[in-house]
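*Asks:* Chain residues, written in single-letter form:
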Amino acid sequence: MHRREGLAKLTGRERYVDDLPLEDFLWGATVRSPAPRGRITGVRFGPSVDWREFEVVDHRDVPGPNCVALIENDQPVLAADRVRHVHEPVVLLAHRSRSALRRAVAAVEITVAAEPPVLDFRVAPRPEQVQYGADNVLKHLRIEKGDVGRALAAAPVVVEGTYETGAQEHVYIEPQGMVARLEGDVLVIEGSMQCPYYVLKALMHALDRDATRLRVIQTPTGGGFGGKEEYPSHLALHAALLALKARRSVKIVYDRAEDLAATTKRHPARVRHRTGVTRDGRLLAQDIEVVMDGGAYVTLSPVVLSRGLIHAAGPYACDHVCIDGRAVLTNAVPFGAFRGFGAPQTLFALERHMDVVARTLGIDPVDLRRRNLLRDGQSTATGQVIRDGADREAVLDRALTLAAWSEKRAAHRVGNAADPVRRRGIGLATFFHGAGFTGGGETALRSRVHVAGLPDGRVEVRTANIEMGQGTLTVFTQVAAERLGLAPDDVVIAPADTSRVPNSGPTVASRTTMIVGGLIERACDDLRRVAGLAPDTRGDALGAGLVRWHARHPGSEPVGVAEYQRPPGVAWDDATYRGDAYGTFAWGAYVAEVEVDLRTCAVRVLDFVAVQDAGRIINETLARGQIQGGVVQGIGWALLEECRWADGAMANAQLTNYLIPTAADVPAIRVAFLETPYPLGAQGAKGLGELPLDGPAPAIVNAIADALGVEPTVIPVTPERLSAMRSAEWGMRSAMP
Amino acid sequence: MGNAECHAVSAPSPFRTPHSAFRIGFTLNGAPVSVSISASDRLLDTLREGLGLTGTKEGCGEGECGSCTVRLDGLPVCACLVPSYQARGRRVDTVEGIDPAALTPYLESGATQCGACTPGVVMAAEWIRAHPDLLATHSIRELMAGNLCRCTGYDGIVDAIERALADGGPRG
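Going down the list, the protein sequences come from chains A and B. Numbering-wise (the working numbering), the first sequence opens with residue 1 and increments by one. Numbering-wise (the working numbering), the second sequence opens with residue 1 and increments by one.
Simulated from the structure, these hints should not be mistaken for laboratory data. Glycine is no exception: its CB is placed at the ideal position from the N, C-alpha and C atoms.
One-sided excerpt, in silico: chain A residues whose CB lies under 10 Å from chain B:
{"hint": "1", "residue": "GLU5"}
{"hint": "2", "residue": "TYR16"}
{"hint": "3", "residue": "GLY222"}
{"hint": "4", "residue": "VAL253"}
{"hint": "5", "residue": "ALA257"}
{"hint": "6", "residue": "GLN470"}
{"hint": "7", "residue": "LEU622"}
{"hint": "8", "residue": "GLY636"}
{"hint": "9", "residue": "GLN654"}
{"hint": "10", "residue": "ILE669"}
One chain only, chain A, in its complex shape (with noise of 0.2 Å):
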């Protein structure tokens, strides 16, 4: 099936939330602080404004607790006293023209009395820098497994390295943007969003407002890629504000270089390995310490700190793991959820390691992960027994296979002795990425999908989850319309509308397909039930049993309903964080070839192949452009994609300066599935979305790696870095770190 939407999108009939005509509106815009940490002495309003035009609201403006409602409500919806990092919103402003607007932002003056911020999450804060706690540690985890500590003792072979991961910008297309209106005594709120009941929730809390008088509404969303997650809230609570105190509607909607600045970001990340192996290459211990860089305050980094933890030891069997990981607070732009959720971080590390093992060894690096891939029956480092009957050694070999793995490392040899200017390189990497919540995390959320039967016979799919370029409203109609008999045009998707369909969860954490998926089937079957249809009516029939039932009851409708529960057999301990971390796992091996050229330090990816088994394979043509989008996402973490910063501030906050690969820059991304079907999944479905962001940094660096000789241990691998790199190698002095 072709993507549902596609044509609206294709000929720009999509309407996303700056296309939406409003009338009698007012723009809203946020003055932010100047300082990365310190005590507001002031907010002088200039006097080239005449500020009886402007609507002006202030953190006395917030009619319930002043914080956006997360999982620790530490984060204010407007600074009050004091703020914790540049570019925090302290005032808001409304104004029907856009450029008056503009001025009047200008011509407000926030000072600051600056106090000591920290700016360096690698470093132990000074006393006088102590935000949180007694150390800034936002949280700390540790998952343990057999005895490392005597177990790197008594390994033969130990080998450490350090790793360090950047900041990395989403760069949706579409800028965050949202509307608040008032519907009598409604305040509707319609915006760019991936989880419309985190924006209900945080509504509620802050505005100290009842669900029935609050009605938030996704609006086709131009990418999200977990960058309107959580910091959509923020948007809507001002949005909101403004307009509650105006009675008017408002829409603010950030232009590129507010969004690059003001907004979440990937965590960066600090990855310590000491691993003690056999000489033949036999993981004995794994002993792995995690630090990231949370920004100015909770938002959502224990989990994303956890996420990153569980993936850390990667896809392999070993007996003895410790990762111990840190959140620390630093007083730089909060950090916040990214494809992939802290997993890309500790996955670089680990698959950057795992080639200096191998070459510490002498043993090829294929060998040294076949060697320990985790079989059916082994266990994860939380003690997860696997056996999905996925088979990650003909992942593997698939890769191996189709890059022409061994017949390129010859050719290799043979180019690079011959070319003065360019070498070659192929480098792999091995991951798995768990989909859906971790650890109880589902069974917590209870997720609701209702599917209802309409007079015509149609049927109405009523979910939460959004479309946001990945695909949902096609592969939620496939799973529907296959389930019940129906052809495709008889599946209505419900819009994301609090008002409309139920909580079923958050767009996040590659849970849609497998887990929204699978209780959309279900909610079909139960909609047979509630109909009075046998359990095996579909199609034409099904259709005739839904009008019938509607004869039968008019006003009414039947509404098949189905929630999440915990499947038998799996346990999960938050206290010892030891268990079934997942539902599942989906499995990559992805090979990355280069060229790096001598005289630029320039690297080019020449080839890259992405071979993943993530369960059955619901419709080819989005699952293959998830995995390409992601593979090119993940090649500008790894090459191009760099925050610069400057006092706590983005100091490239531009696209002429934040580069992400063109169509130019990369090769075509060949991917392949293997299709194990997991029995919980719809239609045998595991998440795909984030896994391909996992694979291509270590992969492609390991290329490099092997084109060099050198050891790069810092992403981004810029070309400033891997001069500095080489210069260093020759004894020369660089200025880069």
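Position chain B against the provided structure of chain A, taking the given hints into account.
*Replies:* Just chain B, lined up with the frame of chain A:
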């Protein structure tokens, strides 16, 4: 430091000063239009706000992302970088003027995901389709390098253009 940095964040974008409005005429998607603009208006705003054609998207406002690509006398340009008065008397083509029947290859190849870059991609791609001779000196990937897409990894877009070229010339 201070506010300068802060304001830089929320600054760029058009200033619309209603006092200096004047009218211009141009050919939009084959039909003549007349619209009131001010001297500093960007073609992007004139299309979206003045003429209600919201198919053309703003992604960056600085000519980097290509989401606002339209064709000016046939050539692809970023509408965020074109002062509206430069359109006077010229031919402007937007995504709204593309024949939907021409878009099947894009649908089949998965050339659109979130759709925010898509109208710009379609306008650049249909330009290639109208001028296949460009491929004698440039690759499709080079010609599309002015259009950032964060979803597809570009394969779906490149495949679609190849498929469209195989189908024949533009119908838009």
